[in-house]
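*Asks:* Taken in sequence, the protein lines are chains A and B.
Under our numbering, think of the first position of the first sequence as 1, with each following residue one higher.
Under our numbering, think of the first position of the second sequence as 1, with each following residue one higher.
It is possible that part of the hints are untrue.
In silico lysine-lysine, DSS-like type, Cα no more than 30 Å apart, as pairs [as the list claims (entries may be wrong)]:
{"#": "1", "chain 1": "B", "residue 1": "Lys-83", "chain 2": "B", "residue 2": "Lys-247"}
{"#": "2", "chain 1": "B", "residue 1": "Lys-119", "chain 2": "A", "residue 2": "Lys-349"}
{"#": "3", "chain 1": "B", "residue 1": "Lys-57", "chain 2": "A", "residue 2": "Lys-40"}
{"#": "4", "chain 1": "A", "residue 1": "Lys-347", "chain 2": "B", "residue 2": "Lys-124"}
{"#": "5", "chain 1": "B", "residue 1": "Lys-247", "chain 2": "A", "residue 2": "Lys-36"}
{"#": "6", "chain 1": "B", "residue 1": "Lys-83", "chain 2": "A", "residue 2": "Lys-297"}
Derived contacts from chain A toward chain B, CB cut-off under 7 Å, selection only [unchecked claim]:
{"#": "7", "residue": "Ile-305"}
{"#": "8", "residue": "Asp-308"}
{"#": "9", "residue": "Tyr-312"}
{"#": "10", "residue": "His-317"}
{"#": "11", "residue": "Val-335"}
Listed below are several chain B residues computed to face chain A (Cβ distance under 7 Å; list not exhaustive) [what the hints assert, rightly or not]:
{"#": "12", "residue": "Glu-46"}
{"#": "13", "residue": "Tyr-48"}
{"#": "14", "residue": "Asn-407"}
By construction, these hints were calculated from the structure, which means they are not laboratory data.
Using N, Cα and C, we set each Cβ at its ideal position, and we do this for glycine too.
Letter by letter, the chains look like this.
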Amino acid sequence: MELFWYIVLMTMLAVYVILDGYDFGAGIIHLFFAKKEKDKKAITNAIGPFWDANEVWLIAAGGVLFFAFPTLYASSFSGFYLPLIMILWLLIFRAIGLELRGQIHNSIWQSIWDKAFGISSLLLALFFGVALGNVVRGVNLGGVVNGVSTHEAHYFFLPLWNPTFSPQAEQLGIIDWFTLLLGIIGVVALTIHGANWIIFKTNSDLNEKLKRVVFRLNIVLLALVVISLLVWHIIEPQPFHNFLNTPWLWIFPIITFTGIFGLFKVKTFKKHGLGFLFSSLFLFGGLTSTVASIFPKLLPSTNAINPDLTVYNVAAHEYGLSVGVYWFAIAVVLVAAYMVIQYRVFKGKMDDVGYGEH
Amino acid sequence: MEDMLFYDRMQFAFTITFHYLFPQLTMGLSLMIVYFKGKFLYSKLEKYNDAAKFWMKIFALNFAMGVVTGIPMEFQFGTNWAKFSELTGGIIGQTLAMEGMFSFFLESSFLGLFLFGEKLLGHKLHFLTGFLVFLGSWASGYLIIATHSWMQYPVGYEILENGKFVLNNFGALFSNPWLLPSYLHNQAASIVTSSFVVAAIGAFYLLNNKHNEFGKLFVKTGVVFGLISSLLVAFPTGDLAAKNVVKHQPATFAAMEGVFETEEGGSEIVLIGQPNMLEKKLDNKVAVPNILSFLTYQKWDAQIKGLNEFDESVHPTNVPGLYYAYHIMVGLGTIFIGLMLLAAVQLFRKKLFKTKWILWSLMFMLPFPYIANTTGWYTAELGRQPWLVYNLLRTADGASPTVSSGNTLFTLLGFIGLYLLLGLLFLMLAGKIINKGPQLNQH
Numbered sequence: 001m002e003l004f005w006y007i008v009l010m011t012m013l014a015v016y017v018i019l020d021g022y023d024f025g026a027g028i029i030h031l032f033f034a035k036k037e038k039d040k041k042a043i044t045n046a047i048g049p050f051w052d053a054n055e056v057w058l059i060a061a062g063g064v065l066f067f068a069f070p071t072l073y074a075s076s077f078s079g080f081y082l083p084l085i086m087i088l089w090l091l092i093f094r095a096i097g098l099e100l101r102g103q104i105h106n107s108i109w110q111s112i113w114d115k116a117f118g119i120s121s122l123l124l125a126l127f128f129g130v131a132l133g134n135v136v137r138g139v140n141l142g143g144v145v146n147g148v149s150t151h152e153a154h155y156f157f158l159p160l161w162n163p164t165f166s167p168q169a170e171q172l173g174i175i176d177w178f179t180l181l182l183g184i185i186g187v188v189a190l191t192i193h194g195a196n197w198i199i200f201k202t203n204s205d206l207n208e209k210l211k212r213v214v215f216r217l218n219i220v221l222l223a224l225v226v227i228s229l230l231v232w233h234i235i236e237p238q239p240f241h242n243f244l245n246t247p248w249l250w251i252f253p254i255i256t257f258t259g260i261f262g263l264f265k266v267k268t269f270k271k272h273g274l275g276f277l278f279s280s281l282f283l284f285g286g287l288t289s290t291v292a293s294i295f296p297k298l299l300p301s302t303n304a305i306n307p308d309l310t311v312y313n314v315a316a317h318e319y320g321l322s323v324g325v326y327w328f329a330i331a332v333v334l335v336a337a338y339m340v341i342q343y344r345v346f347k348g349k350m351d352d353v354g355y356g357e358h
Numbered sequence: 001m002e003d004m005l006f007y008d009r010m011q012f013a014f015t016i017t018f019h020y021l022f023p024q025l026t027m028g029l030s031l032m033i034v035y036f037k038g039k040f041l042y043s044k045l046e047k048y049n050d051a052a053k054f055w056m057k058i059f060a061l062n063f064a065m066g067v068v069t070g071i072p073m074e075f076q077f078g079t080n081w082a083k084f085s086e087l088t089g090g091i092i093g094q095t096l097a098m099e100g101m102f103s104f105f106l107e108s109s110f111l112g113l114f115l116f117g118e119k120l121l122g123h124k125l126h127f128l129t130g131f132l133v134f135l136g137s138w139a140s141g142y143l144i145i146a147t148h149s150w151m152q153y154p155v156g157y158e159i160l161e162n163g164k165f166v167l168n169n170f171g172a173l174f175s176n177p178w179l180l181p182s183y184l185h186n187q188a189a190s191i192v193t194s195s196f197v198v199a200a201i202g203a204f205y206l207l208n209n210k211h212n213e214f215g216k217l218f219v220k221t222g223v224v225f226g227l228i229s230s231l232l233v234a235f236p237t238g239d240l241a242a243k244n245v246v247k248h249q250p251a252t253f254a255a256m257e258g259v260f261e262t263e264e265g266g267s268e269i270v271l272i273g274q275p276n277m278l279e280k281k282l283d284n285k286v287a288v289p290n291i292l293s294f295l296t297y298q299k300w301d302a303q304i305k306g307l308n309e310f311d312e313s314v315h316p317t318n319v320p321g322l323y324y325a326y327h328i329m330v331g332l333g334t335i336f337i338g339l340m341l342l343a344a345v346q347l348f349r350k351k352l353f354k355t356k357w358i359l360w361s362l363m364f365m366l367p368f369p370y371i372a373n374t375t376g377w378y379t380a381e382l383g384r385q386p387w388l389v390y391n392l393l394r395t396a397d398g399a400s401p402t403v404s405s406g407n408t409l410f411t412l413l414g415f416i417g418l419y420l421l422l423g424l425l426f427l428m429l430a431g432k433i434i435n436k437g438p439q440l441n442q443h
């Protein structure tokens, strides 16, 4: 039963990253490339009717984490206290930036909320990459100092950084050079992804330029991914261990690289949705390869005293997990139906939706 | 430790209080917008569609505020109440996860269609999307109150040796006797809020002599919805909810009502008075004999156990806070019924739109349903303290073990600053929409 909920949780997170990822990416594009009012409008129209529903995947995944793996939820949310609360603040700023900019027609008002929307999108992309880095790297479970636990074995608390910025220090911080590297990968990947969504959903003048941006950033992305793979063994001595034991897992890295290499052809795509498909493959593959590489660990321990948090030692009790399958199955069918309806009504190009105009 | 718990509690209290200002209007107003849109489909009178469109603008703004302040709520179970989450997550995680899956997806998917899809969908489907948004928001309320009810009156669980609560009966979460009265009470109260808001804006237009046609429609609709919902809040829903407290949390009930001593021959109902915790009595009390006994047990001389007879260990933590919260709620609820009755009588006599003092009263009454809803929740929450799960898990044992008070104070200050900004923006933008008013026959 734990395994079922593990797959559900990871799938929901992947869907969240793909869906809200394009919102963040659109925000970053909005910040750096949209100069004219027309371009900005095109971007907000392209995500307008969707972003709220996309964000629900985060809440719903959080709910499933809470219900299926309460110990992990409790441990990680309290341990990553500061960055999580900051993520909340950024989500708030981003949402009000989007919702409020159109309420008053004044150029200063609008540029304030444009920046709020863009900068929080950028920082969120960075934070989510950093978060993934923290999960792979692991944390000092039990707060071990000089060989003695200072908390219960499955609790910890991480400051934002430690002065060495090293992922191998005994007292870790949220931000070190490794997690920052993953954060930058997050920003680049989501920028590409957001650009692809805009190309897909608008007829904006920006689109030709965005294709060139996608191409160039894709080179950067490939380089960063290769670098991260080269240094990965520093935080995890045997990164390919699971892949060697369970060969079918190679499907995930293959999906990742299909996504990246597919995107190099972006300039020749006839169908506008194709670029988005490839960047979705990259995000899905990247996330699943990463979590597959540490399976069954969910949050590794960096000390030898306290055990890793795994799928098996943080899950809720059997009865609750079983009964949850019933309502979850019903809910999934409903959610799929909502999505079909939503994307059918707002199919095609979105330039005329008039999002946020009153 | 003491400090840490204090800041954790302050942060939760502050963020939930601010958050709930928005969903109460969302739940009530979605019903009223569905009513306007339905009335338009039925009567084909354009003004009802314009009314629906006007309230959708307020609704959209209000909904966005509810969403952005709602996300921190789910996070805070883990960030600040990790022990509570770890021990009870297998149970309250069920209902909270169900809220995400069943109601948030429903609301958010159809909100976009509801707000931007009128042209694409046509009026009938547009009505349907509005109805689905309404359904989603009410489902959300239901699942939250199912969670809340379990904390007040835990059912369907067993406690393992390691202290973890595990679910052994899923159905019990929903047949919990605490759930239905609380849910209906809360939903009726949210309609009270939306009715007073709609009536207040209508009164504002009439007194201003602007948008008169809409002013009349809003006042009339607000008064009809307001009278029905104010009555339902008191009876039967409030009555049933109070009887749950009498039965399952008798010390809480005594503190709420300000009954310190058991009285032979029936208890009086306290209207006014200040709890004096040093001498365990009420100062300068104004009370009516025997009414409380009658309301509680339908017998004039029924005995109600006073707070002083309960062991100190089961006393609610903050007796005066609980007492005031409850009395403010009940007092305001009574005023709402009175005002709405008067307004309804004048409406029936076709004199309401010219009775200036009632219009002024309706307009100034706008903030008070928010206060009544908030103090109602404070009654429920303070009434449960010092417990997170009544009689089973203490609040002091539920906080995050590794988050220091300094960190919580920092984030509490951050939330205060950010929410102050949100509140100002909301008022400013809602004010702008209201001042501009509904547009006739806009397409």
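*Asks:* Each hint needs a verdict: does it hold in this structure or not?
*Replies:* Against the structure, the hints come out as follows:
The straight-line distance between the Cα atoms of Lys-83/B and Lys-247/B is roughly 29 Å, inside the 30 Å bound, and the hint therefore holds. Between the alpha carbons of Lys-119/B and Lys-349/A the distance comes to roughly 16 Å, so the proposed pair stays at or under 30 Å and holds. With a C-alpha separation of about 22 Å, the suggested pairing of Lys-57/B with Lys-40/A holds against the 30 Å cut-off. Proposed proximity of Lys-347/A and Lys-124/B is supported: the alpha carbons are some 20 Å apart, at most 30 Å.
For a cut-off of 30 Å, the pair hint linking Lys-247/B to Lys-36/A is broken: about 65 Å separates their Cα positions. Pair hint Lys-83/B plus Lys-297/A holds up; C-alpha atoms about 21 Å apart against a cutoff of 30 Å. Of the supplied interface hints, the one on Ile-305/A is violated, with its beta-carbon coming no nearer than about 16 Å to a beta-carbon of chain B, more than 7 Å. For Asp-308/A, the interface hint is violated, the least distance from its beta-carbon to any beta-carbon of chain B being 17 Å, above 7 Å.
Given the 7 Å rule on beta carbons, the hint for Tyr-312/A is violated: about 15 Å separates it from the nearest Cβ of chain B. Because the closest C-beta pair between His-317/A and chain B is about 4 Å apart, less than 7 Å, the hint holds. Taken as an interface hint, Val-335/A checks out: its beta carbon lies about 5 Å from the nearest beta carbon of chain B, inside 7 Å. The interface hint given for Glu-46/B is violated, since its Cβ lies 20 Å from the closest Cβ of chain A, which is over the 7 Å cut-off.
A distance limit of 7 Å between C-beta atoms decides the matter here; for Tyr-48/B the minimum to chain A is near 20 Å, and the interface restraint is violated. Nearest Cβ of chain A to the Cβ of Asn-407/B: about 6 Å, under the 7 Å cut. The hint holds.
In the structure shown, a violation is registered for the earlier hints numbered 5, 7, 8, 9, 12 and 13, in ascending order.
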